[in-house]
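*Asks:* Chains A and B supply the protein sequences, listed in that same order. For the first sequence, this note's numbering assigns the number 1 to the initial residue and increments by one for each residue that follows. For the second sequence, this note's numbering assigns the number 1 to the initial residue and increments by one for each residue that follows.
Treat the hints with caution; some may be incorrect.
[To be verified] Distance windows between CB atoms, simulated:
id: 1; chain 1: A; residue 1: Pro14; chain 2: B; residue 2: Gln345; range: 21 to 27 Å
id: 2; chain 1: B; residue 1: Glu65; chain 2: A; residue 2: Ala59; range: 15 to 21 Å
id: 3; chain 1: B; residue 1: Gly284; chain 2: A; residue 2: Lys20; range: 27 to 33 Å
id: 4; chain 1: A; residue 1: Lys20; chain 2: B; residue 2: Met351; range: 34 to 40 Å
id: 5; chain 1: A; residue 1: Pro14; chain 2: B; residue 2: Lys64; range: 37 to 43 Å
id: 6; chain 1: A; residue 1: Lys20; chain 2: B; residue 2: Lys316; range: 42 to 48 Å
id: 7; chain 1: A; residue 1: Ala59; chain 2: B; residue 2: Gly375; range: 16 to 22 Å
id: 8; chain 1: B; residue 1: Phe371; chain 2: A; residue 2: Ala59; range: 26 to 32 Å
id: 9; chain 1: B; residue 1: Lys64; chain 2: A; residue 2: Glu23; range: 27 to 33 Å
Read the hints as simulated data drawn from the structure, not as lab findings. What you are looking at is a predicted structure, and each value in this text was computed from that prediction instead of being measured. Yeah, the Cβ is synthetic: ideal placement off N, Cα and C, and Gly gets one too.
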Amino acid sequence: MDVAAKLKIMPESPEVDLEKLREEIQAKLRGIADVKDFKEEPIAFGIKALILLVMVDDAEGGTDKVEETISALPAVESVQVIDVSRI
Amino acid sequence: MSDQKPHINLAIIGHIDHGKSTLVGRLLYEAGEVPEHIIEQYRKEAEAKGKATFEFAWVMDHLKEERERGITIDVAHRKFETDKFYFTIVDCPGHRDFVKNMITGASQADAAVLVVAAPDGVMAQTKEHVFLSRTLGIGQLIVAINKMDAVDYDQKRFEEVKKQVSDLLKMVGYKPNDIPMIPTSAYNGDNITSKSERTPWYDGFTFFEALNQLKEPEKPVDLPLRVPIQDVYSISGIGTVPVGRVETGRMKVGDKVIFEPPKVSGEVKSIEMHHEPIQVAEPGDNIGFNVRGVGKKDIRRGDVCGHPEKPPTVVKEFTAQIVVLQHPTAITVGYTPVFHAHTAQVACTFMELLKKLDPKTGQVKEENPQFLKTGDAAVVKVVPTRPMVLEKVKDIPHLGRFAIRDMGTTIAAGMCIDLVPRD
Chain A
1 MDVAAKLKIM PESPEVDLEK LREEIQAKLR GIADVKDFKE EPIAFGIKAL ILLVMVDDAE
61 GGTDKVEETI SALPAVESVQ VIDVSRI
Chain B
1 MSDQKPHINL AIIGHIDHGK STLVGRLLYE AGEVPEHIIE QYRKEAEAKG KATFEFAWVM
61 DHLKEERERG ITIDVAHRKF ETDKFYFTIV DCPGHRDFVK NMITGASQAD AAVLVVAAPD
121 GVMAQTKEHV FLSRTLGIGQ LIVAINKMDA VDYDQKRFEE VKKQVSDLLK MVGYKPNDIP
181 MIPTSAYNGD NITSKSERTP WYDGFTFFEA LNQLKEPEKP VDLPLRVPIQ DVYSISGIGT
241 VPVGRVETGR MKVGDKVIFE PPKVSGEVKS IEMHHEPIQV AEPGDNIGFN VRGVGKKDIR
301 RGDVCGHPEK PPTVVKEFTA QIVVLQHPTA ITVGYTPVFH AHTAQVACTF MELLKKLDPK
361 TGQVKEENPQ FLKTGDAAVV KVVPTRPMVL EKVKDIPHLG RFAIRDMGTT IAAGMCIDLV
421 PRD
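Taking the hints into account, I'd like the entire structure generated from these sequences.
*Replies:* Here it is in structure tokens:
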């Protein structure tokens, strides 16, 4: 694993339990990417984003699988890769 | 680190085996960013084994191990400083599927270091990365002609590669004469912080001098307001709250705004960033703003917010300069892949292949080619299958670039060089 990708996950509404969502995401990503860190980031008017730091393989290419897996969850409004860099 | 110095996001680009990571390691080492305990540990090991010479590879390995163990959101990037600037390094992944992330992602590089190995010269990936850095609007470049140790610090070879790189840079619109091209060996540390005795024929900048010559990035506050919408919420007691990042211009509380393509207007009642109310939002700010007169269902992801005097441009068709990164067969007229531009994803049809460009000279190689394949740079005419906002890259660079995707891969990247607006 040599590429660190930062993802910004927006919940479907401000009522979504981000702690629970994070656990769900971590479980779903097992075997796809290595979740290294996460935090909640306040955006506006009570809406918070979940920021995730995952490691993926440069040779495998891209963050598509990670994005698709997370987007498929009903509590997720959108997923955006905000940053990628080799470490 | 100091907060007083200007901050520069530095992208490291180039072919995967040309020594990018070694150069990054070298920069960190010379800037004093390699933790003391790693160097100390090395000294002890070297002593025990009776080795006296400094082995950079060892330090590199341990740095990587440490990073993998201790990486967090807040230290996901490596940082270093010179006496003038504070740098954050983005070491670009080699795989082409990451191109989409680089184009639509949030962290815009202010300058790029192009690494080209002297033994190999310009390779396919070097071409791609140079084109991409132009597409990404990175105006400032430093070229490291690296692995000079592998060509015995030969001036002739340096000049040959320099010529290759200059031709390539010219093609995409850079001015090679204004770009420092430095003979380096990242491994041995030549011409990094001081002039190397092994290249007595070279009288240009050292790498650190070149870094200090970079210009401080300016926020594009004078361009028209553009906020591509990421998500739209309806918050009880507040109303409609679009969320997005200000790319250009300024948004103030009280502003009249328009969302395109739906062409709905409203008034900004309040803006928040990090849950704090703000009066003015600037480029780079991730905001949510409450608009009066716009319903949640009126707008959606991919729409762009601007001021009614200079509304976001909805395109009927546009002319694009693209580079084909990977395509299993060939691109012909009628092909309709998905264009990812800012937060929009819209299927667009190739209507005309206008010309194919020669990557070596930038000259037109072929007028009206029948097809395009992997590695080709070309100018094409494109029609979106539904309304979308796009700007000419020379007017608003941030909204003029896109990645082209099909069947789960990024097949091309490009920029909008001309357009026909919707009537």
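*Asks:* Run every hint past the structure and note whether it holds.
*Replies:* Each hint tested on the structure:
1. Pro14/A with Gln345/B: 21 to 27 Å: holds (25 Å)
2. Glu65/B with Ala59/A: 15 to 21 Å: holds (19 Å)
3. Gly284/B with Lys20/A: 27 to 33 Å: Cβ of Gly284/B to Cβ of Lys20/A: about 31 Å, so the range 27 to 33 Å holds.
4. Lys20/A with Met351/B: 34 to 40 Å: violated (48 Å)
5. Pro14/A with Lys64/B: 37 to 43 Å: Holds: the Cβ-Cβ distance is about 40 Å, inside 37 to 43 Å.
6. Lys20/A with Lys316/B: 42 to 48 Å: holds (45 Å)
7. Ala59/A with Gly375/B: 16 to 22 Å: holds (20 Å)
8. Phe371/B with Ala59/A: 26 to 32 Å: Given a distance of about 29 Å, which is inside 26 to 32 Å, the answer is holds.
9. Lys64/B with Glu23/A: 27 to 33 Å: holds (30 Å)
In the structure shown, a violation is registered for the earlier hint numbered 4 alone.
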